[in-house]
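A.B. asks: Assemble the whole structure, with the sequences as input and the hints as a guide.
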Amino acid sequence: MTLTRRAMLLGTLAAPALIRRANAGEAVTYLFPGPQFLPAFAPHQLALKRGYFTAAGLDVTFQTARGGADGAKQVAVGNADMGGGVGETTMIVRPNGLAVRGVALLGGKPLYQIACRKAAGIKTLADLKGKKIGVISYQDTGYYTLLGALAAVGLHKADLEIQSVGPAGMTQLMIAGSLDAITAVPEWSVTLEAANVGLDFFPIDSAFPSMAQALFTSDDIIKKRPTMVRGFVAAVMHALNDCITDPKGAAEEYVTAVPQQAGKAVEIETILRRYGTDVYPTIPPAVPGRFDPARLAKVQAFYVENAIIPHPVPVEDLYTNDFVG
773 MTLTRRAMLL GTLAAPALIR RANAGEAVTY LFPGPQFLPA FAPHQLALKR GYFTAAGLDV
833 TFQTARGGAD GAKQVAVGNA DMGGGVGETT MIVRPNGLAV RGVALLGGKP LYQIACRKAA
893 GIKTLADLKG KKIGVISYQD TGYYTLLGAL AAVGLHKADL EIQSVGPAGM TQLMIAGSLD
953 AITAVPEWSV TLEAANVGLD FFPIDSAFPS MAQALFTSDD IIKKRPTMVR GFVAAVMHAL
1013 NDCITDPKGA AEEYVTAVPQ QAGKAVEIET ILRRYGTDVY PTIPPAVPGR FDPARLAKVQ
1073 AFYVENAIIP HPVPVEDLYT NDFVG
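Quick note on this note's numbering: the sequence shown kicks off at 773 and runs consecutively.
Be a bit skeptical, because a hint or two may be false.
Using 30 Å as the maximum straight-line C-alpha spacing, the simulated DSSO-like pairs for lysine-lysine come out as follows [what the hints assert, rightly or not]:
{"no.": "1", "residue 1": "Lys1020", "residue 2": "Lys901"}
{"no.": "2", "residue 1": "Lys881", "residue 2": "Lys929"}
{"no.": "3", "residue 1": "Lys996", "residue 2": "Lys1020"}
{"no.": "4", "residue 1": "Lys929", "residue 2": "Lys1036"}
{"no.": "5", "residue 1": "Lys821", "residue 2": "Lys1036"}
{"no.": "6", "residue 1": "Lys1020", "residue 2": "Lys929"}
{"no.": "7", "residue 1": "Lys821", "residue 2": "Lys929"}
{"no.": "8", "residue 1": "Lys821", "residue 2": "Lys1070"}
{"no.": "9", "residue 1": "Lys895", "residue 2": "Lys881"}
{"no.": "10", "residue 1": "Lys881", "residue 2": "Lys903"}
{"no.": "11", "residue 1": "Lys1070", "residue 2": "Lys904"}
{"no.": "12", "residue 1": "Lys890", "residue 2": "Lys901"}
{"no.": "13", "residue 1": "Lys1020", "residue 2": "Lys1036"}
{"no.": "14", "residue 1": "Lys1020", "residue 2": "Lys1070"}
{"no.": "15", "residue 1": "Lys1020", "residue 2": "Lys903"}
{"no.": "16", "residue 1": "Lys1020", "residue 2": "Lys821"}
{"no.": "17", "residue 1": "Lys1020", "residue 2": "Lys895"}
{"no.": "18", "residue 1": "Lys996", "residue 2": "Lys890"}
{"no.": "19", "residue 1": "Lys904", "residue 2": "Lys890"}
{"no.": "20", "residue 1": "Lys1020", "residue 2": "Lys995"}
{"no.": "21", "residue 1": "Lys890", "residue 2": "Lys903"}
{"no.": "22", "residue 1": "Lys1036", "residue 2": "Lys890"}
{"no.": "23", "residue 1": "Lys929", "residue 2": "Lys904"}
{"no.": "24", "residue 1": "Lys904", "residue 2": "Lys881"}
{"no.": "25", "residue 1": "Lys901", "residue 2": "Lys929"}
{"no.": "26", "residue 1": "Lys995", "residue 2": "Lys1070"}
{"no.": "27", "residue 1": "Lys821", "residue 2": "Lys904"}
{"no.": "28", "residue 1": "Lys901", "residue 2": "Lys881"}
{"no.": "29", "residue 1": "Lys881", "residue 2": "Lys1036"}
These are calculated hints, taken from the structure and not from any lab test.
C.D. replies: Listed below in C-alpha cells is the structure:
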C-alpha cells in the first residue's frame, strides 16, 4: 500500500471520531449534593433529557458529592466544574479559602423545612430539644441550615441528637418511628404523607432566611469559562421554568430519564407542584435565579454570630448575578 493510499485510509477511519469530538460540546462535570435520582434535581435532569445543555454547546456529566459543602470543596480545588447546594453554601466554605461563588438560585424560598412526626409532640422549633432529628450528612448544607434554625430559637446541636442517616434513612427511619424529625425537602414530605405518617411542618424561614438550591462554581472557572457557566445556568433555569409551568409534562418526561423513578409520574407531579408552591416562587417576583445580597448578608451575620462559620467574607464574594436574567 502506498503512503498516499494508507494516509487516505487512515483519514477515512479517523473521520467519524473527529466528527464526534467536534460535535460533543464542551465537557462539564457537575456535582450533585445527594443522589442524582432525587426529584430535587428534576430541573438538571430535564435540562439533560430535553437537550438544553446540548443546545448550549455543553456535554454534561453528573456526579455525586457527599453533600453541598463537600461539593463546593471539590469544585474549589478543580475536581469538578460546577456543583449544587443551597444559597448559603458558599459562605460555609469560602472562609476556609475555597474560592467558590453562587451563580444561580433555584427559587425564592428555602429548600428545607423541618418535618416532625405529630406523635413527637413538637409544637415549636424550641420543642426539638432532646429529640432525634435526621440529616443527610454532616457535610450537607441541610445540616448547617438546621444549625441556623436551632440557633434562632436558642438551641445548640448538643441540645438534641442529630443523626447522619443518608438520603434513604431520612424517610425510612421516620416511617419506623426512629426519628422525631428531619430537615426535609418536598419529596421526603410527600413520601412520608403517602405512608400515612402524620407531620407538622416548620418552615426554616420562620426562624431565619435560609435559601433554595443554588448552582455554584469557582472564581477560576468564571474567569476562564464564562460562556460555559452562562449556558449551564440558562439550561437549568429553562428546565426549572418547565417544572413550574407544566409539572405534569415535566414529571412524565423526568421519569423516563431517571430509571429509579420509572412508573412514578403521578407522585413526581405532586412533588413538582409542591416545589412550585414551597420553593421555586420568588417573593416579590423578580428575575429568576438572582441572589439578594441583603439576604446573603443577613444569613452570614447570623451564622457568624452563632459560631456556625468562623468569620464573614465580603458578601460580593459569595455570588454573582452576571449569569441570570
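A.B. asks: Does each hint fit the structure? Answer for all of them.
C.D. replies: Hints, one by one, checked against the model:
1. Lys1020 - Lys901: violated (40 Å)
2. Lys881 - Lys929: holds (24 Å)
3. Lys996 - Lys1020: Judged against 30 Å, a Cα distance of about 38 Å means the pair is violated.
4. Lys929 - Lys1036: violated (36 Å)
5. Lys821 - Lys1036: OK: Lys821 and Lys1036 at ~17 Å, within 30 Å.
6. Lys1020 - Lys929: Given pair Lys1020, Lys929 is violated - Cα atoms ~40 Å apart, limit 30 Å.
7. Lys821 - Lys929: violated (41 Å)
8. Lys821 - Lys1070: violated (37 Å)
9. Lys895 - Lys881: With a Cα-Cα distance of about 22 Å, the restraint between Lys895 and Lys881 holds, given a limit of 30 Å.
10. Lys881 - Lys903: With Cα atoms ~26 Å apart, Lys881 and Lys903 stay inside 30 Å; holds.
11. Lys1070 - Lys904: holds (28 Å)
12. Lys890 - Lys901: holds (15 Å)
13. Lys1020 - Lys1036: Holds. Lys1020 to Lys1036 sits at ~11 Å (cutoff 30 Å).
14. Lys1020 - Lys1070: Measuring from Cα to Cα gives roughly 36 Å; hence the hint is violated.
15. Lys1020 - Lys903: violated (38 Å)
16. Lys1020 - Lys821: OK: Lys1020 and Lys821 at ~16 Å, within 30 Å.
17. Lys1020 - Lys895: violated (34 Å)
18. Lys996 - Lys890: The given pair, whose Cα atoms are some 51 Å apart, is violated under the 30 Å limit.
19. Lys904 - Lys890: holds (14 Å)
20. Lys1020 - Lys995: violated (38 Å)
21. Lys890 - Lys903: Distance of about 13 Å is within 30 Å: holds.
22. Lys1036 - Lys890: Status holds; Cα separation ~27 Å.
23. Lys929 - Lys904: Holds: Lys929 and Lys904 sit about 11 Å apart, inside 30 Å.
24. Lys904 - Lys881: holds (25 Å)
25. Lys901 - Lys929: holds (9 Å)
26. Lys995 - Lys1070: At roughly 28 Å apart (the allowed maximum being 30 Å), Lys1070 and Lys995 satisfy the hint.
27. Lys821 - Lys904: violated (39 Å)
28. Lys901 - Lys881: Between Lys901 and Lys881 the Cα gap is close to 25 Å, so the pair holds against 30 Å.
29. Lys881 - Lys1036: Within the cut-off at roughly 26 Å; holds.
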